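K.L.:
In case you want the letters, here they are:
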Amino acid sequence: MAERASRDFDKLFNAEYVKLARLLYRVTGDTGRAEEAASEAFWRLYHKPPVSAGNIEGWLYRTGVRLALDQIKKDRRRTQYETLGAFFKRPASPEQALERTEERARVRRALLKLKTEQVALILLRADGLSYAELAERLGINPASVGSLLGRAQEALQKEYENRYGKP
Amino acid sequence: MENHESSASLEQWTLRHSVLLEPPEAWKPNLTVARARFEARRVRRRQIRRYWLAAATGAILACIALATMQPSRVYAQTATGKGWYWQGMYRIRQTFEWFTFVRSGPVLLPSLAEVLKFFNTQPLAEADDPLVVSDSEHAARLVGFIPQFPSSDVLSKSPRLSVLGPRSYRTVVRTEDIERALAAQGVPDQAVPISWDGIQIKLQVGATIKAEWTDVPDESSGRIEWSELTLTQGAPPAITTPAGFDLGAFTVATLRAAGMRNRNDALVLGGLTTTAPALLLGYKTSHHIGVRLANLYAYSPIYTRPATLIEEFEMPLCGAQSNCPQVERITLVWSAPGQAPSRVYVLSGAIRNPSDMFGLDVAGALTNLIDVATSIDNQSGSLPSGTE
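In order, the protein sequences belong to chains A and B. Just so you know, we're using numbering that gives the first Met the number 0 here: the first sequence kicks off at 0 and counts up by one. Just so you know, we're using numbering that gives the first Met the number 0 here: the second sequence kicks off at 0 and counts up by one.
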C-alpha cells in the first residue's frame, strides 16, 4: 500500500514538477524561488497530505501559488529580481526593458491582493488551459469556472486600475 | 451561460498583462535536481526521526562515561583490554559527529560533470608514468621535498609509494557555456563578464608523491573502513591568468554553474586556494558530487584548518529505499601554507561498505578520514607550539 502511494507520488512529481515551477515563476519572477516554492508544495503534499484525497493536483497547485505569493510578500528585494528577470528576455531597447520591468512589477503587485484560488485561475488560464482543464486541475465545479475566472479577472483589473489608473 | 464566462475584453486585458509574467523560454526547471533534493530531504527527515533517540542515548552515555571515566578505564584495561572501551567512546563520538556534521548534509553539485566538460582542459606537458619507489627517502630525493604521512596511531599499515613528475594544463574560458549552465541551474544573479571570454588559464602541477593503502582498518573502531585509501601530496599548483582576471570570481561563477546556487556557499568554498585547481584539473568521477567545508583539528578549540570535503554518491532512482543515497568515496583536499615549501594534500578513501549519506557509518568514516588528515598535518610542524 505504502509502495503504491510512493509510486503514485513519484509519478505526480515527474508529471507536474516542471509545469508547477514554470507556473510559479509567473508569481515570483525568479527561477530559483519558483523551484523552491514548487519543491515545498510537493514536500507538504508528501509530508502532510490533504485529509480528503479528492483532487490532489488542485491542492498542489493552490498550495504552490500560496507559497509563491507568501514568498514575494515577505521578499523586500523583489525589485532586484524583477530587474534580473529582464535579463533573460533581452528586449530591443533599455527603455522597453524598463517599461516591461515596471509593468511586470505592477501586475505582480496587483496579483498579491487577490485570493490564492483567483491567482491560480488567472495564471493557469494564461498558461493556456481550457475551462474544462481549469476545473480538473483545481478541482472546482466545471459549471462555475467561467464565473469564478471572470470574478478573478475583474478583481485583478480593479486592483490594477485602483493602483495605477486606467491605461 | 450568463455570468459564467468573462467578457472577451476583460479576458484580453488579463491575458495581455499575464503574458508579461511568462518565464524565460530557455529556462526549464531541472526535474533531476529537484528529485535529488527531494530525496535527500526525505532521507534526512527519516534519519533525524530515527537518530534523535540514539543521540539522546549517546549524550547520556557520554555523561556517564565522563563521570566514571577513570574507574571504567581501569576496568576496561584489566578485564577485557582497551577494545570495547574505545569502541564505546568511538560510537559516542560518531553519534556526536552525526549531529554536528553529517546532519547538515553536503551542497550538491549536480552539474559538475557538465561544467568540467566545457572547461575542456588540455594537457600541455604530461608526466611519464608514475614511478614506484621503495621508501619515502627515495621519494623525497626524486621530488625535492620531504613527504608527510599519517601517524601510526591512526594508520599503522605501510603504503605503496609512487612518484609522478611535473605536468601542465591549459583551458580556455567560454562565457557562453558558463551563462548557459547558470541559466539551467536557475541562478540569475551571477555576473559573467564578457571580458572573460577566450581567456586562457594555465595550470602547472609540480612533482607529487602518492601513497596507497588497501583494506585499511579504522584504528579506533577496529573495523575495516576503507577498501582503498590514497594520499597525494605536492607543492600547490601554480595558476597563470592574464593580468586583471579575477580567478576568485571565476571560481564562484563556476561553482554556482555546477549547482551551488547559494552565493555565500560558493564564496566560502571559492575562497580556498585548493578549489580553483581542483575544478580546472577536473575532479573526474561518474558519481554525484556533494561538497562542504570540514575543519582539521576539529577537536582543538585553538586551531583549525579549513579543508574541502568532497563526497561521491549514488543518487538517482532512490525511490522508497531507506538506505539511499549511498556514499561511495570521501575526499579531503587541503593546503598547508605553513610548511616549507607549502604543500597541498589530497586524501581520498573508498568506503568498503557504501553507506547512507546521513547514517552513523558515514559519520564514522568522516571522523576517521579527518583524524588521518589531522595526524598528517600535525607532523608538518606548522601548528603553533602548544596546540594539539
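Simulated from the structure, these hints should not be mistaken for lab results. Being a predicted model, the structure only gives us computed values, none of them experimental. Think of the CB as a built atom: it goes at the ideal place given N, C-alpha and C, for glycine as much as any other residue. Be aware that one or more of the hints could be misleading.
Stated by the list, open to error - Which chain A residues face chain B? A few, computed with CB under 10 angstroms, are given here:
id, residue
1, F12
2, K47
3, P48
4, V50
As the list claims (entries may be wrong) - 30 angstroms max Cα-Cα, derived DSS-like pairs, lysine-lysine:
id, chain 1, residue 1, chain 2, residue 2
5, A, K112, A, K157
6, A, K10, A, K47
7, A, K112, A, K72
8, A, K47, B, K156
9, A, K47, A, K157
10, A, K157, A, K114
11, B, K27, A, K112
12, B, K27, B, K156
13, A, K114, A, K18
14, B, K201, A, K114
15, B, K156, B, K201
16, A, K47, A, K72
17, B, K27, A, K72
18, A, K18, B, K156
19, A, K112, A, K10
20, A, K10, B, K209
K.L.:
Each hint: holds or not?
P.N.:
Verification of the supplied hints:
no.: 1; hint: F12; verdict: 7 angstroms, holds
no.: 2; hint: K47; verdict: 12 angstroms, violated
no.: 3; hint: P48; verdict: 14 angstroms, violated
no.: 4; hint: V50; verdict: 21 angstroms, violated
no.: 5; hint: A:K112 to A:K157; verdict: 11 angstroms, holds
no.: 6; hint: A:K10 to A:K47; verdict: 18 angstroms, holds
no.: 7; hint: A:K112 to A:K72; verdict: 10 angstroms, holds
no.: 8; hint: A:K47 to B:K156; verdict: 52 angstroms, violated
no.: 9; hint: A:K47 to A:K157; verdict: 36 angstroms, violated
no.: 10; hint: A:K157 to A:K114; verdict: 14 angstroms, holds
no.: 11; hint: B:K27 to A:K112; verdict: 28 angstroms, holds
no.: 12; hint: B:K27 to B:K156; verdict: 51 angstroms, violated
no.: 13; hint: A:K114 to A:K18; verdict: 21 angstroms, holds
no.: 14; hint: B:K201 to A:K114; verdict: 57 angstroms, violated
no.: 15; hint: B:K156 to B:K201; verdict: 38 angstroms, violated
no.: 16; hint: A:K47 to A:K72; verdict: 24 angstroms, holds
no.: 17; hint: B:K27 to A:K72; verdict: 25 angstroms, holds
no.: 18; hint: A:K18 to B:K156; verdict: 55 angstroms, violated
no.: 19; hint: A:K112 to A:K10; verdict: 34 angstroms, violated
no.: 20; hint: A:K10 to B:K209; verdict: 47 angstroms, violated
Checked against the numbered hints given earlier, the structure breaks hints 2, 3, 4, 8, 9, 12, 14, 15, 18, 19, 20 and satisfies all the rest.
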